[in-house]
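Position chains B, C and D relative to chain A; hints supplied.
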Amino acid sequence: MEAKVSPQKFIVPIGPQHPALKEPGHFEFTVEGEIITGATVRLGYVHRGIEKSTEDRNWVQNLYLLERICGICSHIHATAYVLGVEALANVTAPPRAQAIRTLVCELERIHSHMLWLGVAAHEGGFDTLFMYSWRDRETVMDLLEGLSGNRVNYSVNVLGGVKIDVDEKQAATIRKGIDFLEGRTQYYMKVVTTDETFLGRTRNVGTMTYDQADALAAVGPTARASGIARDVRADAPYVAYPDFPIKVITERGGDLAARFVVRINELYESYRLVREILDKLPVGELTTRVPRRIPENEAISRVEAPRGELFYYLKSNGTEKPERIKVRTPSICNWATVMNFAIGLKLADMPMILAGIDPCFSCSDRAVIINRKSQSQEWSWEDLRQYGIKYYR
Amino acid sequence: MNISISPLIALLFFPGGIFLLGSGLVYEYIDRKLVAQFQNRVGPRWFQPLADIIKLLAKEEITLAGVNPQLFVALPVVALAAALTAALYVPMFGFQAMFSFRGDLVVTLYLLSMMTLCSGLAGANSVDRFSIIGATRTLTQLFSYEAPFLLALLGPAIVAGTWQISDINTYAMSHTWLILTQPIGFIVAVIGLMGKLELPPFDAPEAETEIVSGALTEYSGRGLALFRIGKDVELVIGLTLVVAFYLGGLGNPLVFLLKTLVLRLVTAGLQSLFARLRIDQTVGMWWRIGALVALVQLLAVIIGLFIGKII
Amino acid sequence: MDITEAIQTAQDLLNLWTSGMSTPDLSRLDVVLAPKDLKPAVRILQKAHWGYLSAITGLDHPPLPASPDGKQPAKDGSLEMLYHFCEGAAILTLRVSAPYARPAIPSICDILPYATLYEREAIEMFGATFRGTPNTEHFVLPEDWPSGVYPLRKSFTGLNKPQKAN
Amino acid sequence: MPIGVMLSDILSSLFKKPATEQYPFVKEPVPERLRGELFWDPAKCTGCQLCVKDCPADALELIVLDKVNKRFVLRYNADKCIYCGQCVMNCRFKCLNMSNEQWELAATSKAPFLVNYGRDEDVQFLLDKAAQEEGPVPCEKP
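Going line by line, the protein sequences match chains A, B, C and D.
Okay, so the first sequence: first residue is 1 according to my numbering, each after it adds one.
Okay, so the second sequence: first residue is 1 according to my numbering, each after it adds one.
Okay, so the third sequence: first residue is 1 according to my numbering, each after it adds one.
Okay, so the fourth sequence: first residue is 1 according to my numbering, each after it adds one.
If you're looking for bench data, these hints aren't it; they were derived computationally from the structure.
It is possible that part of the hints are untrue.
[What the hints assert, rightly or not] Far from chain B, some chain A residues (derived; all Cβ distances over 12 Å):
no. : residue
1   : Arg57
2   : Arg68
3   : His122
4   : Asp127
5   : Tyr132
6   : Asp211
7   : Glu269
8   : Thr287
9   : Ala348
10  : Met352
[Said to hold, decoys possible] Covered stretches of chain C, going by a simulated chain A footprint (3 or more residues, C-beta under 8 Å):
no. : stretch
11  : 9–23
12  : 48–60
13  : 74–82
14  : 87–94
[As the list claims (entries may be wrong)] Partial list, derived from the structure: chain B residues whose beta carbon lies under 7 Å from chain D:
no. : residue
15  : Arg41
16  : Val42
17  : Asn68
All C-beta atoms in this analysis are idealised placements derived from N, C-alpha and C, irrespective of residue type, glycine included.
Isolated chain A, as found in the complex (with noise of 0.2 Å):
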């Protein structure tokens, strides 16, 4: 790092690595003594250019390539892209398979949710709340690992269903692993939302007004931590939403406090809904056929992913590969809202501010394409071993 100290600028560099992200983006602070004064953010660093690629592969595939977008929020990103081709293809699928959906959904954002709670934590040196919410979120995993065979990505859906039953044993054991997550999730509302030490880091740390979020077009548990009652799930409800209703879920704060509050309150409502959902699971067939060629078409399909609206356009050409699939996902919405509140905080109150978003670099960005001044636009694979090698020796 070189050497850049004159006493009108001072910039703190955080990331592409740095402790405090677990991903690499970065972003500079300048700093007056411990308050920022600006704030820029750079992203690209794990660019993987699927959506070009996406037109190289033919609709099946896809799937699994946009679901590995984000290992956090695979489910979503598959559920989004299967929603769009459906309505491409004009099929629907079987309700138990849109039940089924919605299962694994919720028991996605549950697992995000703790996750979420755990890095917060982090960030803010409360190592303990770390780990323990880390440790209850294996519960929530090791369900997901029961019902789909996977920790991270599920792959429960297929074009036109899913891959996967729920049988009354699965059922039962989900009930009783949301009753002990329940358990503990009352504990840590008690802990985030009375312990001074951990308060004197949140309350009115990063606070954004409704009209400041509805200006920014904030989404997700963002938005609604400052009062806007936007959640796709329930605009416009998807999958199985139309019969299994929730509510959504808003706080006045817009502090990081009230963040913490609508994500763990979001919880106790997706325990609910699995709890409904595994009650009055349809019966029926799991799949419908989806063709291999899909007409010339549009699609637009938006969910809510953990952290906010996600958002597909489909465009299909009447081949088996897509015309154009573009990803917009929450976490780019949301970054408009941290770089514009940094100005004036405290430099120990960033990383906080930073997980508050929740923000997922993946998702932000989507090509290994290295360029050092040689004629190659994008490296192969071959190029890469090469680099590799030689670099190395």
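For chains B, C and D alone, coordinates are given in the frame of chain A:
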């Protein structure tokens, strides 16, 4: 316990020198293991602190461009030397202090502050931005906890009527435990100790999620190893001091072990119980609450003594 | 606002400028706009508080040679930007196209400041230009990315292969 | 002003076993539906290639030796496989399945990741042919 050891051996091997370093590592291990247990984790294996140090010592030390190289090399040495010297005036492991004179309490406290001062200077010496912010925070924190910590240790000194650590120790052994008569002083001393050692929740100067590793970000290899050992030694000395003053003194190694471990358990618990305080919160807390209650305690002690004398 | 009402409101608001409207399904309204009409349209949406800008999708329409039988004339390449606004379940898409030769579209950042990230993405990915956009730095592509290479255009094939002629 | 709300948890942890799973030493049971290494049963395969077409990772390759007599070899690249299970889903004759036992697939060389499934004589035939040509094993799709 009175054993006379040749000063040279005392300095280099036992109870100073090598033995002190070893016990520093043991206490670091105990700390890490206890915090892990509190967080329901497994924690490191017994040799981990030693392995860390050996690994660091074996690694290349990178001296940055733009720093003062003499200072860069000297600071860790001075820091460790100060911590080791401080140990000579303290009844380590329940043995009598190696050297003792009137007023060695003040000297010891200054020597302990040297460590923090050195790491602050080390940070300010590096040109890295994280180091500079870390150094600012280290020094800010130094100024905030030092006064309350000193006041908290003054209480026992005043009731004992001496500024000599050994004498205070003897006084503490023969009287009611001072934790009962001066509870506030004890609490301030323990929390002051945690602030001194930059343990959570007072780890703002090295908050990894904000400024990587604070003042020591640019240190690697030998320098970092020395700083770490220095901190471990300081930990042992700090524990010894608080135990000697407030928990009924130190008579023999067994008592020492028992009492310091109990105190370590308490501090490990406190470490895992709180979220990190921002530096402004730390300073505010120490000056608004810490210094004030320590002063009140001190006044109460003085008035108590005064009344005792009159009666 | 329920869907039909929201769609109706949007239709009423935008009637003045549009050169074509369609509703591909119940919850969607596509409005074709000339680039010069984009800003007034966005402004009126914002004034009426109709939804929020959810995304800007870029589409590349590569040039087509004339069909051999001469029935279809050759077509110049163009870029199309879709501005998706969402209000509840209703989605309004403003479609603005610009030919390769003059790929300039007015920036809407002065009306909706948060559009800057989307515009930056469209600039580097498609080579569109937004008149008046505050920041044209790379957003996701590396700093030393060659200028004039736009990865999401159909002509970009990457992987060391020569680019298809435009 | 409540502080230290997590005290009860911390104290109880002092007398609890750590929650950490000591993985290589202690192995937890795996879920029944775990998608591990892929296995192929040559008896039922008709050579429709549906599994190969939809494989998102290009991990499968069906080599047709004799279409009429149903002599196929399935070349499976376990290192490319992303264990999504689409091939199992696609197969109408249920000749593919994913093991929930074989999942610890780490190795120090690439060799164990290239698996040829099929009748022994067919695989041998392929290997011999490759050895004769002394080139790389043919990987062109049929």
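To see whether the hints hold, each was checked on the structure:
no.: 1; hint: Arg57; result: 38 Å, holds
no.: 2; hint: Arg68; result: 27 Å, holds
no.: 3; hint: His122; result: 7 Å, violated
no.: 4; hint: Asp127; result: 7 Å, violated
no.: 5; hint: Tyr132; result: 7 Å, violated
no.: 6; hint: Asp211; result: 28 Å, holds
no.: 7; hint: Glu269; result: 26 Å, holds
no.: 8; hint: Thr287; result: 42 Å, holds
no.: 9; hint: Ala348; result: 4 Å, violated
no.: 10; hint: Met352; result: 8 Å, violated
no.: 11; hint: 9–23; result: violated (count 0)
no.: 12; hint: 48–60; result: holds (count 8)
no.: 13; hint: 74–82; result: violated (count 1)
no.: 14; hint: 87–94; result: holds (count 4)
no.: 15; hint: Arg41; result: 5 Å, holds
no.: 16; hint: Val42; result: 4 Å, holds
no.: 17; hint: Asn68; result: 43 Å, violated
Of the hints listed earlier, those the structure fails to meet are numbers 3, 4, 5, 9, 10, 11, 13, 17, in rising order.
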